[in-house]
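Peer 1: Okay, here's what each chain looks like letter by letter:
Protein chains: 2
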Amino acid sequence: MSDTVAFSRVHIVGTGLLGTSIGLGLVNAGTTVTLEDQSPSRAALAAEYGAGTVVTPSVAHAEHRSVDVELVVVATPPDVTPDTVLAALQAYPQAAVIDVASVKGMIVERVAALSESDPGVAKRFVGTHPMAGRERGGPTNARVDLFTGRPWVITPVPETPGELVAAVASLIRTLGATVHTMSPDEHDQAVAVVSHLPQLVSSALAHQLEGASVDALALSGQGLRDMTRIAAGDHELWSQILRHNAHTVLPLLTQFRQGVQVLEDALQAAWSEGSTRSLAEGLHAGARGAGQIPGKHGGSSRFATLVVVIDDRPGQLATLLADVGALEVNLEDMSLEHSPGAPVGFVELSVTQDVVERLAADLSARGWPVAGESQ
Amino acid sequence: MSDTVAFSRVHIVGTGLLGTSIGLGLVNAGTTVTLEDQSPSRAALAAEYGAGTVVTPSVAHAEHRSVDVELVVVATPPDVTPDTVLAALQAYPQAAVIDVASVKGMIVERVAALSESDPGVAKRFVGTHPMAGRERGGPTNARVDLFTGRPWVITPVPETPGELVAAVASLIRTLGATVHTMSPDEHDQAVAVVSHLPQLVSSALAHQLEGASVDALALSGQGLRDMTRIAAGDHELWSQILRHNAHTVLPLLTQFRQGVQVLEDALQAAWSEGSTRSLAEGLHAGARGAGQIPGKHGGSSRFATLVVVIDDRPGQLATLLADVGALEVNLEDMSLEHSPGAPVGFVELSVTQDVVERLAADLSARGWPVAGESQ
Chain V
211 MSDTVAFSRV HIVGTGLLGT SIGLGLVNAG TTVTLEDQSP SRAALAAEYG
261 AGTVVTPSVA HAEHRSVDVE LVVVATPPDV TPDTVLAALQ AYPQAAVIDV
311 ASVKGMIVER VAALSESDPG VAKRFVGTHP MAGRERGGPT NARVDLFTGR
361 PWVITPVPET PGELVAAVAS LIRTLGATVH TMSPDEHDQA VAVVSHLPQL
411 VSSALAHQLE GASVDALALS GQGLRDMTRI AAGDHELWSQ ILRHNAHTVL
461 PLLTQFRQGV QVLEDALQAA WSEGSTRSLA EGLHAGARGA GQIPGKHGGS
511 SRFATLVVVI DDRPGQLATL LADVGALEVN LEDMSLEHSP GAPVGFVELS
561 VTQDVVERLA ADLSARGWPV AGESQ
Chain L
211 MSDTVAFSRV HIVGTGLLGT SIGLGLVNAG TTVTLEDQSP SRAALAAEYG
261 AGTVVTPSVA HAEHRSVDVE LVVVATPPDV TPDTVLAALQ AYPQAAVIDV
311 ASVKGMIVER VAALSESDPG VAKRFVGTHP MAGRERGGPT NARVDLFTGR
361 PWVITPVPET PGELVAAVAS LIRTLGATVH TMSPDEHDQA VAVVSHLPQL
411 VSSALAHQLE GASVDALALS GQGLRDMTRI AAGDHELWSQ ILRHNAHTVL
461 PLLTQFRQGV QVLEDALQAA WSEGSTRSLA EGLHAGARGA GQIPGKHGGS
511 SRFATLVVVI DDRPGQLATL LADVGALEVN LEDMSLEHSP GAPVGFVELS
561 VTQDVVERLA ADLSARGWPV AGESQ
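Each protein sequence line maps, in turn, to chains V and L. For the first sequence, the residue numbers in this note's numbering are 211 to 585. For the second sequence, the residue numbers in this note's numbering are 211 to 585.
Be aware that one or more of the hints could be misleading.
Computed beta-carbon distance windows for the label pairs [said to hold, decoys possible]:
# : chain 1 : residue 1 : chain 2 : residue 2 : range
1 : L       : A575      : V       : Q465      : 46 to 54 Å
2 : V       : N238      : L       : L537      : 50 to 58 Å
3 : V       : G348      : L       : S380      : 35 to 43 Å
4 : L       : S251      : V       : G421      : 14 to 22 Å
5 : L       : G501      : V       : E491      : 49 to 57 Å
Simulated coverage check for chain V against chain L, where a stretch passes if three residues somewhere in it have a Cβ under 8 Å from a Cβ of chain L [stated by the list, open to error]:
#  : stretch
6  : 235-246
7  : 295-308
8  : 313-322
9  : 407-416
10 : 485-497
Computed footprint of chain V on chain L, listed as stretches where at least three residues anywhere in the stretch have a Cβ under 8 Å from a Cβ of chain V [what the hints assert, rightly or not]:
#  : stretch
11 : 295-308
12 : 326-336
13 : 358-368
14 : 385-397
15 : 402-413
16 : 439-445
17 : 454-463
Hints are computed from structural coordinates only; laboratory data are not their basis. Beta carbons are placed, not taken as given, at the ideal position from N, Cα and C, and that holds for glycine.
Excised from the complex, chain V in its bound form (with noise of 0.2 Å):
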């Protein structure tokens, strides 16, 4: 999947998990990277785990600057990015520059501006955002592995030229992503609703847990636990986040709150008038939307279940596993549950309807207790 690497001189600035996973990816395709920190610390770290060589940003490397480096990546925290971009884009006349934040706007919308009195600039700058699941944590959690197989979305503008973009798009293959290309307009929409939209829903419905009971807590299933599994995130990092996106993000917001108002009224009709037409309705429209997000690799099928039940000790996952494997089923999708009273765990195996049934019928016979199926 790899290409030829399009840039050989890379410069870094902020050496994050973002910033030293992608040095690290670079340094193992050949390139050379250099790195550069608020943080000499962070930067030595980064260095240590072999993601470039420090540069201090104080010394004037002017030779460094105007000749060898090729591309500049902004990986810094979001809230100095667009600062930092334009920054890069004066320090190093002759280089790209791209960033990886994961709201587009604000910072194309700065470029634009600098073009106006520095017609290159737009040329050679294109925002970009790798999805590589959660956002935190330092150099230490970088891996070399961290965007294989994860959309990472380069967003150009109408100036940009088409060989920035390629150029852009072999680095991110170089490093295992996929690449999905978009206006940073679209980008904005698309985090807002498959992302901003629920971390905040999330937020939301976690919060009311503060005033649950003790015993009401511990009838929690995977549901909630899944509801409300994001809204553990870095608070901090996701303020910036929003706030940045936060004209995208507020009108899906208020969308949503006037949805969970028609279902109000629902709940208020199948009280009072015992109906459940438009209760039913509403939840018949959350199926629907439901089953517009795509399934494995873009497909949108959906799989059948199984739930076995298994012993909680080390090597019983593995064991049913490779049983699973053994009889050469392919698992689309699995979770792990376990129970919160007894020393045992549920594994729920999705699977294509075609071999659910003998999945199932050949698990049972070799002792797994299958407590459940559907397709």
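With chain V fixed as given, assemble chain L onto it according to the hints.
Peer 2: Frame of chain V; chain L shown alone:
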């Protein structure tokens, strides 16, 4: 874990997933089980699976009814459960009666009303609720292990004799479940918080995806998938459940909507004033709430996680988990996520804090690409 069987002759009304699974478990424990269902073919199917012997309700089984049966289990859809419970209390005047519906208050009220003319009935009935995952599917999805390790709530009222509660608790343990005891009101409040509210929130969020573009949905990550999974449930059944608990769920849903409004205001402030203070506070409150959900086996410790990239083909996951097992590490939790665009999967392993570094190092040494680690 299983006690002496408390009832030697049990009659089950309603042979869907729950009724049939209860029948299978009791027959397995040596109990004599009779079955009845509005649909004769469904009852016959349950009997064929080994859940008991069918009796035809239209035929008068005077002796069967008055003498032999010690317990009637009402396992019908929630809409007809109250009527069926009352009918069972009258048709089997010597027997105890339990039900398994997800809302308890409505049934208790009806039994209390009947006990005004027939005071004995309140001493023969107790409501129960097995929380055995999804509640869909007919007898063909029934499993003898359906209840293993799951919470099963008993909801006595002051009139309920202690011996009846003890006998029903014994039956529940025979079926492998964990007994939780609380009042009907406490139960309905608890499931409103941990189950009914999340269901409605998931539906409202998923509904909003109907307007999203294909390109946006292609960026969906595990967060959105988790948040909308339960929205795909059976909307007819959920409408019934929610209707019966509407008076308890409605104030929670209103409170939730007001919490969303607070986040809207915070987002507005972050946008217009650039201040993220109230936004960060709102997100932090969510993180605190999420932290209140008990972890594995009722504990509340948080685990460290490790993300490992695997090839997406049969046996890979089993090989990985065999390696984890060989390292004598017990998984606290795990989930599998597929890349939307590449033939790889991401396995998130949750383990205790003290082993995560060793596990990361050992798995890397065995050649597994470790894409992330957090404590």
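Peer 1: Now tell me, hint by hint, if it's right for this structure.
Peer 2: A quick look at each hint next to the structure:
Against the hinted window of 46 to 54 Å, the Cβ-Cβ separation of A575/L and Q465/V comes to about 50 Å, which satisfies the hint. Checking the proposed 50 to 58 Å range against N238/V and L537/L shows it is violated: the Cβ atoms sit about 26 Å from each other. About 54 Å separates the C-beta atoms of G348/V and S380/L, a value inconsistent with the hinted range of 35 to 43 Å. Restraint check, S251/L to G421/V: a C-beta distance of roughly 47 Å breaks the suggested window 14 to 22 Å.
A hinted range of 49 to 57 Å for the beta carbons of G501/L and E491/V is inconsistent with their spacing of about 35 Å. Figure legend: the stretch 235-246 of chain V, annotated as covered by chain L; annotation inconsistent (0 residues with Cβ-Cβ distances under 8 Å, at least 3 required). As drawn, the stretch 295-308 of chain V meets chain L at 0 residues by the rule of a beta-carbon pair under 8 Å; below three, the given contact is violated. Closer than 8 Å: that is the beta-carbon criterion, and the stretch 313-322 of chain V has 0 residues meeting it against chain L, so the requirement of 3 is violated.
Here's how the stretch 407-416 of chain V fares: 10 of its residues keep a CB closer than 8 Å to some CB of chain L, so the rule of at least three is met and the hint holds. With a cut-off of 8 Å between beta carbons, the stretch 485-497 of chain V has 9 residues touching chain L; three or more are needed, and the interface restraint holds. Under the rule that three or more residues need a Cβ within less than 8 Å of chain V, the assignment of the stretch 295-308 of chain L is violated, with 0 such residues. Closer than 8 Å: that is the beta-carbon criterion, and the stretch 326-336 of chain L has 0 residues meeting it against chain V, so the requirement of 3 is violated.
Counting residues of the stretch 358-368 of chain L whose beta carbon lies closer than 8 Å to any beta carbon of chain V gives 5, which meets the minimum of three for the stated coverage. Here the stretch 385-397 of chain L counts 5 residues with a CB under 8 Å from a CB of chain V, which clears the bar of 3, and the coverage holds. By the rule of at least three residues with a Cβ nearer than 8 Å to a Cβ of chain V, the coverage given for the stretch 402-413 of chain L holds, with 10 such residues. Using a Cβ-Cβ cut-off of 8 Å, 6 residues of the stretch 439-445 of chain L lie near chain V, which meets the minimum of three, so the contact claim holds.
Only when three residues or more bring their CB closer than 8 Å to a CB of chain V does the claim for the stretch 454-463 of chain L stand; here the count is 6, and the claim holds.
Hint check: violations occur at hints 2, 3, 4, 5, 6, 7, 8, 11, 12; the rest are consistent with the structure.
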